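S.K.: Work out the full structure: start from the sequences and follow the hints.
Protein chains: 2
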Amino acid sequence: MSDTNLTNGNGKLETSDDQNGVIQPLLSDYYQITMAYAYWKSRKHAERAVFDLYFRKNPFQGEFTIFAGLEECLKFIHNFSYSEKDVEYLRKLLPVHTESEFFNYLSHLNTNEVEVYAIDEGMVVFPKVPLLRLEGPLAVVQLLETTLLTLVNYASLVATNAARFRLAVGPKKGLLEFGLRRAQGPDGGLSASRYCYMGGFDATSNLLAGKLFGIPVKGTHAHAYVSSFNGLEDVRDKVCFDWLADLLSGLVDWLVAGLVELADCETSKVELAAFISYGLAFPDDFLCLIDTYSVIKSGLPNFCAVSLALIEAGYVPLGVRLDSGDLAYLSVIVRQSFMKIADEYNRPAFEKLTIVASNDINEETVHSLNHQGHCIDSFGIGTHLVTCQKQPALGCVYKLAEVNGKPRIKLSEDVEKVTMPGKKLAYRLYGVDGHALVDLMAQPNEEPILEGGKILCRHPFQESKRAHVTPKRVEPLYKCYYKDGKINQRLPTLNEIRQRAQESLSHIRMDHKRALNPTPYKVSVSGPLYNFMHDLWLENAPIGQLY
Amino acid sequence: MSDTNLTNGNGKLETSDDQNGVIQPLLSDYYQITMAYAYWKSRKHAERAVFDLYFRKNPFQGEFTIFAGLEECLKFIHNFSYSEKDVEYLRKLLPVHTESEFFNYLSHLNTNEVEVYAIDEGMVVFPKVPLLRLEGPLAVVQLLETTLLTLVNYASLVATNAARFRLAVGPKKGLLEFGLRRAQGPDGGLSASRYCYMGGFDATSNLLAGKLFGIPVKGTHAHAYVSSFNGLEDVRDKVCFDWLADLLSGLVDWLVAGLVELADCETSKVELAAFISYGLAFPDDFLCLIDTYSVIKSGLPNFCAVSLALIEAGYVPLGVRLDSGDLAYLSVIVRQSFMKIADEYNRPAFEKLTIVASNDINEETVHSLNHQGHCIDSFGIGTHLVTCQKQPALGCVYKLAEVNGKPRIKLSEDVEKVTMPGKKLAYRLYGVDGHALVDLMAQPNEEPILEGGKILCRHPFQESKRAHVTPKRVEPLYKCYYKDGKINQRLPTLNEIRQRAQESLSHIRMDHKRALNPTPYKVSVSGPLYNFMHDLWLENAPIGQLY
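The listed protein sequences correspond, in order, to chains A and B. Residues in the first sequence are numbered from 1 upward in steps of one, following full-length UniProt numbering. Residues in the second sequence are numbered from 1 upward in steps of one, following full-length UniProt numbering.
Don't take every hint at face value.
The list cannot tell twin chains apart, which means a pair is met if one copy fits it or any two copies do.
Said to hold, decoys possible - Below, simulated DSS-like cross-link-like pairs (lysine-lysine); rule was C-alpha separation at most 25 angstroms, straight line:
| # | residue 1 | residue 2 |
| --- | --- | --- |
| 1 | Lys297 | Lys410 |
| 2 | Lys352 | Lys417 |
| 3 | Lys465 | Lys522 |
| 4 | Lys417 | Lys465 |
| 5 | Lys390 | Lys57 |
Don't read these hints as lab results, they were simulated from the structure. All values derive from a computational prediction rather than experimental measurement.
M.R.: This is the structure:
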């Protein structure tokens, strides 16, 4: 991905450990507490339970998802304990009949007996394959439910959305996240910046995300900057920048004379004053929003005039931003003008100027721009990125798979909603060309899944759908991330996860990733898991209902 | 609104002052800092600027919006100052040419010279009428932009969505917000709970929102609770609750015999065990999810059996939740069964049992349920409420209206995007029946708008659209909320704002509020403001472009 040429800072990359916001255990649903109490009351609270966290359907009519939010989940689990004030609040909240001893139990609760098995953050993931498996005392793992769902759902959704934009624009274009003002409040905006970067964006406009997560921060000015000026009388630093004062009067004429397309332009003196002042402030980071009046008749010539002056003075201007109008057409005209100036006036810096486009861009807009042809270098994306307008929620669920070693199945008339019972391992099987062939779930006590072996992969629900696969490479998907009260893997940096996402995507065939009617990627179960699941299903399903 | 009968806590109401999360000034876009520097560099930073924060279009194809987020805006403005670490971060981020003195300026920045005029939080508001007007030093009010937009956008959007659900279900039904797991991360979920309550919901499932904002917290159990049981052997508290142990064996038969509809039912013993255990834990707050197996063949008889036992023991059960299937049909069957038991077994408590429905309910589902007829008392709403699926962003903007007493207008080829120049006052004019007739913007130096006077109201852009209005009551919409570094109005509690929202909505005609094709509410300008605006428009618009 390109290091886009927007006005860039020197924000050095720090690890995301800088974020010290601890998520409170009360950030959860009331029913978890009522269930915990009922478990405790039935003396079931310490039974060893296994829960799977997974989603049933990829978002955005796509066929892949980027898994994000793991680090936040682990930190939440690690810090999980109720403060005295929390317990006091719960004591007031729960019915008066609630036994006092339960609150004592709550105030000593911790996650020392919880184990977390998870897929690495940033990996491409698919429906039905658990992203996280939690094992631990029934009441404790139940209490973690909503917070884990909250932390994974939006993070994975927006990272996936970002990855789709990256696929749409290609690896060389710049992608800038602009979404803070349209997010679900302050922290929604922070999450958006963090996980959009993880999914493949290059930078954010959100300063706090820059500070907390070390994400590169970029941006230029807004229309208000231009309209705050009265005219050239507002340019006050003439003395310091004699070179600019000298050039000022003749510049526009000089420029106009050289450019056929720009004849008859009525450049705005207000805009020129604003650009000059901006150039005085950012002589080496000069990037202007050129559509306040008219891109072609005012913004472009004004920008070129000031840029030529900056080049005269030894600086290198950066480029322009378009925020309205026909972005394909305007970007082509702007690029042509830049190339003509570079050529006719021998100013090679003009060849390298960046064109940034914004204005309510969504994934379809990008595909349409690609189809029309355009000269945009970087895209600024806000609303559609952070709100995930096309599908604003990923429906992750948290389902009980086992209690005290006994498998649990939740039946449903909708076959897609039947849960996979018991503890499961998961593998990604790769073919000789390096592409992933299939994800396979199996039981822990099965024969190991080996590279080069002939492996039966079955559709989880449709008996007749099965195939033999001989993988060149077998990747076990789970690691134990948490045990004995400790996070027991090194947590990668945000940049490492971002690279992993692109690496993982590179192993997925293009037809699974395309925007329109992608081929579904296959998720399978082993023969033994298939039989185990279907036996349990038949055992639990009532007989005698007409299907 | 009803106090819904979901398992309820005793959460005493506290003021929202308990929330001590201070929003950091870096939660803003980079371009605001670059603009601030460019203003400072041109010595324009202290010029007195006026900015309007408003939206251009009501959300959800509706014709009204609830204004929310003001308290958070005021607290943000009040606390606005850069820490040493913030300034240090910005120093690294901005280009090396940036003058050092600017960072000194930033580190001493405060909002003592900022004035904020705003509409009361919770009021019904309409497009184009500024919700907030900020006056102060150009650089300072510019730096506040993104954070204010972030705080108002989602808060107002989700409060409006909540108010629409309230209109759809009517004043007597219960509305419970369930959205935490589908929100944009932890704080997105907190904002959702707060502003859904403000917009007319009765309760949330989010414990932290309950603790921080004093919102009533409700909920029951999930499917996992039921499927964690093996069977009746799991019921362990028989000794403590002899009455239940005695009734246990014969209960289901007894019930089934009495209910024609429930003949042939194969009740799940697993579910029965779960319900008994839940009843033991919550004998006076007994509310069960009854669709784990089959509502009619298992959940309903199991619930009735345990409820009858609880009534025998002197307790009062609460009701059931339906989370799948045909909610209209099932709710009717469940209600009929309850009424029959109440009647035939002389158990009047059964007449008062609550039926709660959930399962991906959106506004259209509610209208469809109303149309079909149903017996639901309370709705649990999650995803569609908090993500605002139908329109996940409200497009608030922050536009420059005046600098140093000189009006500013931003032109656009889209007439809806032309800004209203200068400082404006706003009034709501009411008719004799108490309904709001029109919102009117006027200039501060005009003749006062008086009750009983004949007032010319003009369409802001269409010359021929104007009318004389004689209001029975004139409500000035702005108060000065912030001046001299102080919030100078008492901030109402969340409950007061929630009441204001309903009160304000009650003055809006039903045809403006209906879900389908509502009548647009009129927003007008005074004659003098109309002329002022159009003179400035002509003065600034380039001549000679073909329209």
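S.K.: From the Cα coordinates, with 25 angstroms as the cut-off, is the pair Lys417 and Lys465 best called within, between, both, or neither?
M.R.: within (19 angstroms within a copy, 56 angstroms between copies)
S.K.: If the cut is 25 angstroms between Cα atoms, do Lys297 and Lys410 qualify within a copy, between copies, both or neither?
M.R.: between (66 angstroms within a copy, 17 angstroms between copies)
S.K.: Go through the copies and call it for Lys465 and Lys522: within, between, both or neither, with a Cα cutoff of 25 angstroms.
M.R.: within (11 angstroms within a copy, 61 angstroms between copies)
S.K.: Within, between, both or neither: how does the pair Lys352, Lys417 come out at a Cα-Cα threshold of 25 angstroms?
M.R.: Result: close neither inside a copy nor across copies, 54 angstroms intra and 33 angstroms inter.
S.K.: One pair to classify: Lys390 and Lys57, alpha carbons no more than 25 angstroms apart. Within, between, both, or neither?
M.R.: Both: 14 angstroms inside a copy, 20 angstroms across copies.
Of the numbered hints given earlier, the model fails hint 2 alone.
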